[in-house]
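Colleague: Sequence:
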Amino acid sequence: MTEPLDLPAIRAARQAQTEFLDRLEPLRKDLYAYCRRLTGNAFDAEDLVQESLARAFNQAAQAHSPIENPRAWLFRVATNAYVDSYRRQHPVPAELPDRAAPAAADPAEVRDAWRELVTLLPPQERAALALKDLFGFTLAEVAEVLRTTTGAVKAALHRGRGRLEAEDRARSLAVRPEPDRRLLDAVADAFTAYDVPRLTALLLEDADSEILGMLTEYGADQIRRGSIEHTLDPATPYRYTAQVQTVWDEPVLVIRRVQDGTSALNDLMRLTTEDGKVRSIRWYFFSPNFLTELAETLGEPVLTNGHHY
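Positions 1 to 309 (our numbering) are the ones given, in order, by the sequence shown.
Do not rely on the hints blindly, as some may be mistaken.
[Stated by the list, open to error] Calculated pairs, EDC-like style, for lysine to aspartate or glutamate (alpha carbon to alpha carbon, straight line, at most 20 Å):
hint : residue 1 : residue 2
1    : 29        : 44
2    : 277       : 195
3    : 277       : 206
4    : 277       : 185
5    : 29        : 19
6    : 277       : 250
7    : 277       : 180
8    : 277       : 210
9    : 277       : 208
10   : 277       : 217
11   : 29        : 47
12   : 29        : 51
13   : 277       : 205
14   : 277       : 178
15   : 277       : 189
16   : 29        : 296
17   : 277       : 221
18   : 29        : 293
[Said to hold, decoys possible] Listed next, with one range per pair, are the computed distances between beta-carbon atoms:
hint : residue 1 : residue 2 : range
19   : 66        : 260       : 46 to 54 Å
20   : 292       : 189       : 23 to 31 Å
21   : 61        : 25        : 16 to 24 Å
22   : 262       : 72        : 36 to 44 Å
23   : 8         : 221       : 18 to 26 Å
24   : 8         : 62        : 16 to 24 Å
25   : 134       : 243       : 27 to 35 Å
26   : 297       : 262       : 16 to 24 Å
27   : 189       : 134       : 37 to 45 Å
28   : 198       : 296       : 31 to 39 Å
29   : 19        : 147       : 22 to 30 Å
30   : 8         : 292       : 34 to 42 Å
31   : 306       : 218       : 19 to 27 Å
32   : 247       : 306       : 17 to 25 Å
Calculated directly from the structure, the hints in this document are not laboratory data.
Built from N, CA and C at the ideal position, the CB exists for glycine as well.
Whole structure, please, built from the sequences with the hints as guidance.
Modeller: Take a look at the structure:
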C-alpha cells in the first residue's frame, strides 16, 4: 500500500511553487494578455494562464541550465499548452509550412480585427500573429517560441493577415453548455444570505471547487468546510453578495464585497450544473488581470487580491 503524502511534503511543494510564481510575477500581466489573444475570451484565457504556469513550474524543476529569456520561455509554454488543447478538439498540422511569404499589414488593423480573427486561425498562425504584431517579438524570437524557422513564421503571418481580407468570417467557437439559470439564482440567494447549509445542499456530493491558481476541493463537505465557510465568515467587517449576470455570453455569479456602504467587484463564480445541482465551481479570487478586465466590462470598481495569499 502506498504511504500517504504527508503535510510537510505538501507544504514544501506549495512553498516551492509560491517562490517560483513570485519570480514570474512581473510577467503575469503579459502572460494573461497573450493568453487572452490566443483564446479570444477571458474565461479560457485565465484557464490557459493557470495551465501554463503549472507546466512552467514542472519544466523549471527539470531544467539543467538557467532560463535566459523567461518571457519568451513562458510564452512558449503557453503556446504549447494552447496548441495541445486545440489539437484535442481539432486536427492540425504538426509543423508550420516552411514557405516564404511577404510580411505586410498594419498592426493596428490586426488589433481591430482580432476578435473575429481569433475564431478562424489555426493555433500556430494565431500565436505567430499575436507575438509579432501585438507583443513586438522579432521574427527570430517568434521562431524560437514556436520552435520553427523564420521562413515558416513569415508564411504563418502572411496567411493570418490574409484572413483580414477574407469575405467569409464564419465563427466556429465551441459552445460551453449553459448552466441551469434557476440553480444559479438559488446559489446566489443562499450565498448572499450567508446560508451555508442551504448553499451546501445545492452541491452534488462529489462536486469539486477550484480556486484558480491556489487549491482544489473535492466533495460537498470539503467545499463547505473550505471555500464556503472561509468566504462566508460572519465575523469579517464586510459582507459578500452574489448576483447572477450574463458576462461574455455566459451566466455567472458576480461576487461583490460591501463595506461601509461601498461595493466593489471582488470575485466571480463560474458554475457547471448537472441534474439540478452544482457539479463544479471555479473561483477567480486570485486572478487580478481577469477581474480587472471583468470590472472594466461591467463599468464598476474592483478590489483585487493578488495571485496568492
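Colleague: Work down the list of hints and note, for each, if the structure agrees.
Modeller: So, going through the hints one by one against the coordinates:
Between the alpha carbons of residue 29 and residue 44 the distance comes to roughly 15 Å, so the proposed pair stays at or under 20 Å and holds. For the suggested pair residue 277 and residue 195, the alpha carbons sit about 16 Å apart, so the restraint of at most 20 Å is met. Distance hint between residue 277 and residue 206 is fulfilled; the C-alpha atoms sit about 11 Å from each other, no more than 20 Å. A hinted pair counts as satisfied when its Cα atoms are at most 20 Å apart, and residue 277 with residue 185 qualifies at roughly 12 Å.
For a cut-off of 20 Å, the pair hint linking residue 29 to residue 19 stands: about 18 Å separates their Cα positions. A threshold of 20 Å between alpha carbons decides the hint, and for residue 277 with residue 250 the separation of about 18 Å falls inside it, so the pair holds. Simply put, residue 277 and residue 180 have alpha-carbon atoms about 9 Å apart, close enough for the 20 Å limit, and the pair holds. Distance restraint check for residue 277 and residue 210: the Cα-Cα separation of roughly 17 Å lies within the 20 Å cut-off, and the hinted pair is therefore satisfied.
Our distance criterion of 20 Å between C-alpha atoms is met by residue 277 and residue 208, whose separation comes to about 12 Å. For a cut-off of 20 Å, the pair hint linking residue 277 to residue 217 stands: about 17 Å separates their Cα positions. Proposed proximity of residue 29 and residue 47 is supported: the alpha carbons are some 14 Å apart, at most 20 Å. Proximity of residue 29 to residue 51 is assessed by CA-CA distance (about 15 Å); at most 20 Å being required, the pair is judged to hold.
For the given pair, residue 277 sits about 9 Å from residue 205 by alpha-carbon distance, which is consistent with the 20 Å threshold. A threshold of 20 Å between alpha carbons decides the hint, and for residue 277 with residue 178 the separation of about 13 Å falls inside it, so the pair holds. A distance of roughly 15 Å separates the Cα atoms of residue 277 and residue 189; the hinted pair therefore holds under the 20 Å criterion. In summary, the hint linking residue 29 to residue 296 is supported, as the alpha carbons are separated by about 16 Å, within the 20 Å threshold.
Of the supplied pair hints, the one linking residue 277 and residue 221 holds, its CA atoms being roughly 15 Å apart against a limit of 20 Å. With a C-alpha separation of about 11 Å, the suggested pair residue 29 and residue 293 falls inside the 20 Å cut-off, and the hint holds. Judged by the Cβ atoms, the range 46 to 54 Å given for residue 66 and residue 260 holds: they are separated by roughly 49 Å. The supplied range of 23 to 31 Å is met by residue 292 and residue 189, whose beta-carbon atoms lie about 28 Å from each other.
As the Cβ distance of residue 61 to residue 25 is approximately 18 Å, the hint placing it in 16 to 24 Å holds. For the hinted restraint 36 to 44 Å between residue 262 and residue 72, the CB-CB distance of approximately 42 Å keeps it satisfied. Under the hint 18 to 26 Å, the C-beta atoms of residue 8 and residue 221, about 25 Å apart, fit the expected range. Residue 8 and residue 62 have their C-beta atoms about 23 Å apart, which keeps the hinted 16 to 24 Å range intact.
Between residue 134 and residue 243 the beta carbons are some 33 Å apart, a value that agrees with the proposed interval 27 to 35 Å. Distance hint check: the CB atoms of residue 297 and residue 262 are about 20 Å apart, consistent with the given range 16 to 24 Å. Our hint of 37 to 45 Å for residue 189 and residue 134 holds, since their Cβ atoms are close to 42 Å apart. Separation of residue 198 from residue 296 is about 33 Å and conforms to the stated range, judged on CB atoms against 31 to 39 Å.
Taken as a hint, the range 22 to 30 Å holds for the pair residue 19 and residue 147, whose Cβ atoms sit roughly 28 Å apart. The beta-carbon spacing between residue 8 and residue 292, approximately 36 Å, falls within the hinted interval of 34 to 42 Å. Look at residue 306 against residue 218: about 25 Å separates their beta carbons, and that is inside 19 to 27 Å. At roughly 22 Å, the beta carbons of residue 247 and residue 306 sit within the given window of 17 to 25 Å.
Checked against the numbered hints above, the structure violates none of them.
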